[in-house]
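As you go down the protein sequences, you meet chains A and B in turn. Reminder that position 159 of the first sequence reads as 214 in this note's numbering, one-by-one numbering, no gaps. Reminder that position 513 of the second sequence reads as 568 in this note's numbering, one-by-one numbering, no gaps.
Read the hints as simulated data drawn from the structure, not as lab findings. A portion of the hints provided could be inaccurate.
Pairs count within a copy or across copies, as identical chains cannot be separated in the list.
[Said to hold, decoys possible] In the BS3-like style, the derived pairs of lysine-lysine whose C-alpha atoms are separated by at most 27 Å in a straight line are:
#1 117 <-> 485
#2 117 <-> 438
#3 168 <-> 181
#4 391 <-> 117
#5 91 <-> 510
#6 397 <-> 327
#7 327 <-> 377
#8 249 <-> 150
#9 510 <-> 249
#10 91 <-> 201
#11 91 <-> 323
#12 157 <-> 181
#13 168 <-> 485
#14 249 <-> 201
#15 157 <-> 464
#16 438 <-> 569
#17 438 <-> 318
#18 127 <-> 117
#19 536 <-> 485
What you are looking at is a predicted structure, and each value in this text was computed from that prediction instead of being measured.
There are 2 protein chains.
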Amino acid sequence: MKATDMNKPDNRAAAESSAITPRARDYSQWYLDVIKAAGLAEHSAVRGCMVVRPHGYAIWEKMQRELDDRFKATGHENAYFPLFIPLSFFSREEKHASGFAKECAVVTHHRLKAIDGEIVPDPESKLEEPLVVRPTSEMIIWSQYKNWIQSYRDLPLLINQWANVVRWEMRTRLFLRTAEFLWQEGHTAHATEKEALEETWRMLDVYADFAENVMAVPVIKGRKTEGERFAGAVETLSIEGMMQDGKALQMGTSHYLGQNFSKGADVKFQNKDGELEFVYATSWGVSTRLVGALIMTHSDDSGLVLPPRLAPVQTVVVPIFKNDAERARTVDEARKVAAELKALGVAVRVDDRDGIMPGAKYYEWEGKGVPLRIEVGPKDLEKGSLCVARRFVTEIAGEAPEAQRRRRKAFLPRAEAIASIVPTLEAMQKELFARAGAARASRTRVLDKIEDYGKFFGEEGGGFAWVHWAGDSAQEEEMAKRFETSIRCVPFEDQIPPEARGEGSCILTGKPSKQRVLMAKSY
Amino acid sequence: MKATDMNKPDNRAAAESSAITPRARDYSQWYLDVIKAAGLAEHSAVRGCMVVRPHGYAIWEKMQRELDDRFKATGHENAYFPLFIPLSFFSREEKHASGFAKECAVVTHHRLKAIDGEIVPDPESKLEEPLVVRPTSEMIIWSQYKNWIQSYRDLPLLINQWANVVRWEMRTRLFLRTAEFLWQEGHTAHATEKEALEETWRMLDVYADFAENVMAVPVIKGRKTEGERFAGAVETLSIEGMMQDGKALQMGTSHYLGQNFSKGADVKFQNKDGELEFVYATSWGVSTRLVGALIMTHSDDSGLVLPPRLAPVQTVVVPIFKNDAERARTVDEARKVAAELKALGVAVRVDDRDGIMPGAKYYEWEGKGVPLRIEVGPKDLEKGSLCVARRFVTEIAGEAPEAQRRRRKAFLPRAEAIASIVPTLEAMQKELFARAGAARASRTRVLDKIEDYGKFFGEEGGGFAWVHWAGDSAQEEEMAKRFETSIRCVPFEDQIPPEARGEGSCILTGKPSKQRVLMAKSY
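Extracted from the complex, chain A is given alone in its bound form (with noise of 0.2 Å):
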């Protein structure tokens, strides 16, 4: 390659980085505009089911090794169930069954043939009974519990599985709605309702420790009211993130299930005083749907904005050459900071392509989120120094605009510049999970009037209201139909901000209540 051919621009890499419409323009235009840009995701040619690209799989990697490790440090064994369902366990708890039936993708033949040259089904291949893709997994695994547990002893029993499953949506979002989707399901069984009580308030421990901590997205946890509970569960608890857009998205959820699938599937264990009883059950997940609530958290209008912890590369160390001779000495500069960029621990990438200009990588990569870039050109080689620049700072109330550059782009002492990043990516991992904070505190209210309601989810845009509430279900109805709000949760008591707290009356029939709920529009 000529030198002179070295820094065309990619015309086609800058033109996907800068089509990211403006979140202010067109919220949903944006966060299908930074998958693009980010290279997450896609749709496929099968209906409903999207293709996670090689970027957004990685931070699904990401996300499974540290909920893995977290399900493991609590007892947690990985275990895989069979993708099919026959259709016959669909009458054994029939809430669960009918919630899921409206939803299923149903194999009857299991051969193809050519008839008249065309590929079909091959009739006299039809299943004599149908099966059904899981669309969750409690009916096969409690089948198969019913030859693991006999005694106490064999209790807790503590899976979780990482798999596929399927749900037949009308309506699909790339990563928060889809026909397919990947996700981890834990199914536990044990000997008394206490513990499997503490499960289920564990396992939902256990997902707020990861959202906040590893996704920097702060949660509310509480319990499902009725009409949202997960079908045959006795309670749903569930964590709830704001997005943006002020609506609440529910990250995951944690539900006890009682007795309903042991007696579904008839798994009785001898108590230590030698009784049978039924065993006591929980199950919990995380999906996908986690990688849409972190785009829509942190990101911003120049695409993809990633949590340290999740970032498949946390640094790009980008060389900046005119010719072979600056070619030669900025990569190789490049390679030896990422070599002790790795040693640090510090997931690194140089990126020494030819034929593309600086600027379009720049651009490429803050589309994908990496929070860190370090810019080598010949001048840094000549002064001991490197330029280190960050994916975004927190914004500080009337900075001039001056700093703010000097704040978001350094240049440093090379071993200081070196020095510098473990600590930075600390620190913006702490500041993305505050200004999400603070952004969803900006959109929060305490609300004791209808018609203040009515505004805020109105012209105000919306957000998280803490409202009293004591209407039955047909009221919830009427305040989705009104409002398009529903109540995301009753959360547990320290959940909700002081100002908050304490007994009052329904905002929309006036009747006494116990505690505020928390209403928002949802994904």
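With chain A fixed as given, assemble chain B onto it according to the hints.
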């Protein structure tokens, strides 16, 4: 719990471990018994689908980690593509489609409905186009690559996917042949045939490295004949291992697909000269079948034997006690020993369960293939020693039983015992590879006469036969009928033992042959 209760034998566990049929009596039953005693997998309520139990899944996870590291080190990224393939895609690559058409799970409906009290697929939810559950993903992935590849700058595209696939098998066997299985599938795109061929060979080497250095299974690398080739491939390479019954097991395949799939999906790129060309492709995969290979290569009549590099637990520490005071002291010491080993990087577990006799614990962990066991009894505490027991020792011809027992179970001063663990694990890894190599050598023959061939695969029990071959596919079938053998591969020249190299005459037809091929019975 009372002290007198503590060592009550757990009859269930002991019975399960002791129920292993000796290999010599019934090899097939031995295989199933090893799987059951180790808790690796079991059949499910769904025809042909297995449940991978926690210990089996933990081994698969260790395999995944080792393979994934190797894929990433060779420049590959992970992604995820849909579970379903539209039926119409099956007309795009005819050979490929017809190769899989006979064993497909076909989704035809997307909703269930209760009709006359019976839950059935809702007739009104019939899909316009049926969906096939992926038996492999070439067709869906190449339809997506069409969006990703425009120019030579987009190549090579090096993608891997970890996924479940479904092939409707009529005769299933845990791990070796199941309707659903877990695997990885690499799908790469290249600008030239040369690069694609290099990739095909490179990934076969990755598989061979993994098989030999991690699984401790020696393999032979070579080409498949036309009849054994992957449907749609130009060339299929494989690694072949020998199981303890002398049969070959195909452990991994790497395919050069030429332009077959890029033509089917119309994926062209602009080459450096500005011309449009079809892309060159490879695909390669290994599956949970490898767990079956692992079991059948190393295990014995006491159960599973695991190479240390794939053992989820490398060392189990068992405290021995008769009363509460002894329990406290030995458990305390066991935990200290475990902590010291953990610090050395050893995957260690303390088995301090009450109510199970030490002997039953030993049995159970032996059945699970844990390479080393440390026993901590009250006398060991007094003496400052530890007992280190190996899961296996390599037989030495003529060795006295007492000498072998001493090698199997050694009482060592505490510090010496702890320092011995890592080197012993490393030695055991090498011993397993050497042992498997010796077993393979003892059942390998260089044969030139069809009578000797018949005798070898008849009364002598069979194994690997190096024979000259120049027959056609009808004659291959004749060999299969007469001897139940097939050409496992046409090995690369350096894979052929020196005594089997050179030209000769076909063992069946007498026609001239340039090199010997590898013949065997197979799974």
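Does the structure break any of the earlier hints, and which numbers would those be? 2, 5, 6, 9, 13, 15, 16, 17 and 19
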